[in-house]
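Residue numbers (the working numbering), protein chains in the order written: chain A, 147 to 328; chain B, 147 to 328; chain C, 147 to 328; chain D, 147 to 328.
Be aware that one or more of the hints could be misleading.
It does not matter which identical chain is used: a pair holds within one copy or between any two.
Below 20 Å or equal to it, Euclidean Cα-Cα: the simulated DMTMM-like pairs (lysine to aspartate or glutamate) are [stated by the list, open to error]:
(1) K257 to E196
(2) K181 to E322
(3) K290 to D269
(4) K186 to D203
(5) K186 to D202
(6) K303 to D190
(7) K257 to E292
(8) K148 to E210
Rather than coming from a laboratory, the hints here were simulated on the basis of the structure.
Number of protein chains: 4
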Amino acid sequence: MKILLLTGSTRNDGNSEQLAHAALQGLSYETIQLKDLDIKAIEDLRHTDEGFHPVDDDYTKVLEAILRSDLLVLATPIYWYSMSGTMKNVIDRFSHAIRDTRYPNVTEHLKTMKAVVIAVGGDQPRIKGLPLIQQCQYTFDFLKIEFYSYIIGEARKPGTIHNDKLALQQAAYLNEQLRTLS
Amino acid sequence: MKILLLTGSTRNDGNSEQLAHAALQGLSYETIQLKDLDIKAIEDLRHTDEGFHPVDDDYTKVLEAILRSDLLVLATPIYWYSMSGTMKNVIDRFSHAIRDTRYPNVTEHLKTMKAVVIAVGGDQPRIKGLPLIQQCQYTFDFLKIEFYSYIIGEARKPGTIHNDKLALQQAAYLNEQLRTLS
Amino acid sequence: MKILLLTGSTRNDGNSEQLAHAALQGLSYETIQLKDLDIKAIEDLRHTDEGFHPVDDDYTKVLEAILRSDLLVLATPIYWYSMSGTMKNVIDRFSHAIRDTRYPNVTEHLKTMKAVVIAVGGDQPRIKGLPLIQQCQYTFDFLKIEFYSYIIGEARKPGTIHNDKLALQQAAYLNEQLRTLS
Amino acid sequence: MKILLLTGSTRNDGNSEQLAHAALQGLSYETIQLKDLDIKAIEDLRHTDEGFHPVDDDYTKVLEAILRSDLLVLATPIYWYSMSGTMKNVIDRFSHAIRDTRYPNVTEHLKTMKAVVIAVGGDQPRIKGLPLIQQCQYTFDFLKIEFYSYIIGEARKPGTIHNDKLALQQAAYLNEQLRTLS
Numbered sequence: 147m148k149i150l151l152l153t154g155s156t157r158n159d160g161n162s163e164q165l166a167h168a169a170l171q172g173l174s175y176e177t178i179q180l181k182d183l184d185i186k187a188i189e190d191l192r193h194t195d196e197g198f199h200p201v202d203d204d205y206t207k208v209l210e211a212i213l214r215s216d217l218l219v220l221a222t223p224i225y226w227y228s229m230s231g232t233m234k235n236v237i238d239r240f241s242h243a244i245r246d247t248r249y250p251n252v253t254e255h256l257k258t259m260k261a262v263v264i265a266v267g268g269d270q271p272r273i274k275g276l277p278l279i280q281q282c283q284y285t286f287d288f289l290k291i292e293f294y295s296y297i298i299g300e301a302r303k304p305g306t307i308h309n310d311k312l313a314l315q316q317a318a319y320l321n322e323q324l325r326t327l328s
Numbered sequence: 147m148k149i150l151l152l153t154g155s156t157r158n159d160g161n162s163e164q165l166a167h168a169a170l171q172g173l174s175y176e177t178i179q180l181k182d183l184d185i186k187a188i189e190d191l192r193h194t195d196e197g198f199h200p201v202d203d204d205y206t207k208v209l210e211a212i213l214r215s216d217l218l219v220l221a222t223p224i225y226w227y228s229m230s231g232t233m234k235n236v237i238d239r240f241s242h243a244i245r246d247t248r249y250p251n252v253t254e255h256l257k258t259m260k261a262v263v264i265a266v267g268g269d270q271p272r273i274k275g276l277p278l279i280q281q282c283q284y285t286f287d288f289l290k291i292e293f294y295s296y297i298i299g300e301a302r303k304p305g306t307i308h309n310d311k312l313a314l315q316q317a318a319y320l321n322e323q324l325r326t327l328s
Numbered sequence: 147m148k149i150l151l152l153t154g155s156t157r158n159d160g161n162s163e164q165l166a167h168a169a170l171q172g173l174s175y176e177t178i179q180l181k182d183l184d185i186k187a188i189e190d191l192r193h194t195d196e197g198f199h200p201v202d203d204d205y206t207k208v209l210e211a212i213l214r215s216d217l218l219v220l221a222t223p224i225y226w227y228s229m230s231g232t233m234k235n236v237i238d239r240f241s242h243a244i245r246d247t248r249y250p251n252v253t254e255h256l257k258t259m260k261a262v263v264i265a266v267g268g269d270q271p272r273i274k275g276l277p278l279i280q281q282c283q284y285t286f287d288f289l290k291i292e293f294y295s296y297i298i299g300e301a302r303k304p305g306t307i308h309n310d311k312l313a314l315q316q317a318a319y320l321n322e323q324l325r326t327l328s
Numbered sequence: 147m148k149i150l151l152l153t154g155s156t157r158n159d160g161n162s163e164q165l166a167h168a169a170l171q172g173l174s175y176e177t178i179q180l181k182d183l184d185i186k187a188i189e190d191l192r193h194t195d196e197g198f199h200p201v202d203d204d205y206t207k208v209l210e211a212i213l214r215s216d217l218l219v220l221a222t223p224i225y226w227y228s229m230s231g232t233m234k235n236v237i238d239r240f241s242h243a244i245r246d247t248r249y250p251n252v253t254e255h256l257k258t259m260k261a262v263v264i265a266v267g268g269d270q271p272r273i274k275g276l277p278l279i280q281q282c283q284y285t286f287d288f289l290k291i292e293f294y295s296y297i298i299g300e301a302r303k304p305g306t307i308h309n310d311k312l313a314l315q316q317a318a319y320l321n322e323q324l325r326t327l328s
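Isolated chain A, as found in the complex (with noise of 0.2 Å):
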């Protein structure tokens, strides 16, 4: 099983990046730091008569790297109780993506994907991100994605998600999970 992990924190090493390395150890995967990428907005062309064009940033890194992988392990702060822009960028993004006609199998692909999303946030974390949560449930079903599991951990300062022992070990115990997948 090939995992790719995408973070999306503004941050080197952030708490969600670092919570989504504590459920990966020991696991080979793909990091991708999104704030490393110039990911630009999407322009919706879906009814515009020549619809989507290329765009000239980094998206197809991502793409390519998704249309690799049987995991994708989306890693994103909790900013304004929802994922960073930064992430939502991306995601927008797929709807130019399964409408590429460079990349005709991505939405093959992504039927056969599972997906985990790892949120850290510093204000009732786990109470006030579950419609993040609820909206990653939407997008997946749409695009047929299995939502394998989700961590949610409570963080504000650097470091600080290591004291979040329940998420922790929420990361273990997927971790194992993940183990028997591959």
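Let chain A serve as the given structure and place chains B, C and D on it in line with the hints.
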């Protein structure tokens, strides 16, 4: 009452924007199309020694417009069951704005504001758009902005919001209410 | 189109019921006030050898009314951010109804039905009533009932739903739509 | 710290109850199985001249147990994506309890309490159980009860909660936390 409309669509004259114009018909308001601005994703520097520093983009245009307004209308297409990444980046930047030493009264000003959310989507938006509304509620609660009202419309193709009679009725009703405020 | 209105209030002529009557004005429909019936809480016997057995209460009245209807209108006050316990007990009994050997076509009949939810509450119902709507969506999805529409109204004291012009407008609009169905 | 466990299942020793016992293992607590009590649906008399009057059922047993407790553990099966009707009727009766002249300190006492919710369901409960958690949050917020923690477990057949290692881990972790409180 000064009204600011922020549109999150990547299209000119998108459905959410049209619905917002319907709600604001006959009222005086300023419109900022976010797609025409350069707004960078936030860099989370809350926990660094130096804190946030000025970013060279158009965010201060948005912030200054907010500071001279009493009512904030956020009009966004529903992309993947939440606001557009374009708009999300603006919201994310609030974390900087409320700590921006150049604008010391942001927090106080926001407490005096009301907000309206107008969101239009194509896939069961009146159900699957609800998490977005919940996130806005949490956000406005945090900032102590009064969440005055929201309208969810259903449309896919450009201009078809005019077939959603329910949304148009709600816009007309909101229009009446807003007239009584000013 | 045969319409069945189930009211979950414990008051006569409660706000949610009044709003439902507004939505159904001029249409022919049957009303069952759940408070006038004896509906026991479900006893979960799904996993026993003998399974469910007939219960001596008024549930079959509700079930038989559903079986002769095409549109189910659930009108409930929002008590503690969800439907009333009175109505919840009726919903819970669906677990029995779909396995009730005396009514072998419940599952098939439900798939042909549409449902409308009308909920009225006093504490920010258009925000805090959203989880209730999501639960109804999950329930109707499971039963393959079409979730046709919902209206959330705001009122506390008896009769004050008539001050909620937005809800009344939505009821008038729903009324128009329902007329085109029949 | 005095702990009260209310179970909302209609089965003896249901999965949600077993998960609650796991979370409370080794601690001293009182258990009330709601299915063994006669709890009537609320009659909403808030707006009548005479107000609420005593109801001849077992509610005061529940209320008095709450009044002598510091931590309330609600263990409920997830029926149709929310708490059981049996438990909902108990929650609904809070509207009476906080206005019950025989128990003048209910409101004050609740503000000193913490609550834990333990919910077990069979159909993607970690996603589809989230609206239930949101409703509990709104309820506890209203009553100023601290929402201490929640656990969502997945199980259908009796006793199978023991296959949900993640829920068991969360129960063990909660158990540790509760020990530090007492």
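Checked hints:
no.	hint	result
1	K257 to E196	neither (27 Å within a copy, 40 Å between copies)
2	K181 to E322	neither (29 Å within a copy, 38 Å between copies)
3	K290 to D269	between (31 Å within a copy, 15 Å between copies)
4	K186 to D203	both (7 Å within a copy, 15 Å between copies)
5	K186 to D202	both (9 Å within a copy, 17 Å between copies)
6	K303 to D190	between (36 Å within a copy, 11 Å between copies)
7	K257 to E292	within (8 Å within a copy, 26 Å between copies)
8	K148 to E210	within (13 Å within a copy, 47 Å between copies)
Hints 1 and 2, counting from the list given before, are not met by this structure.
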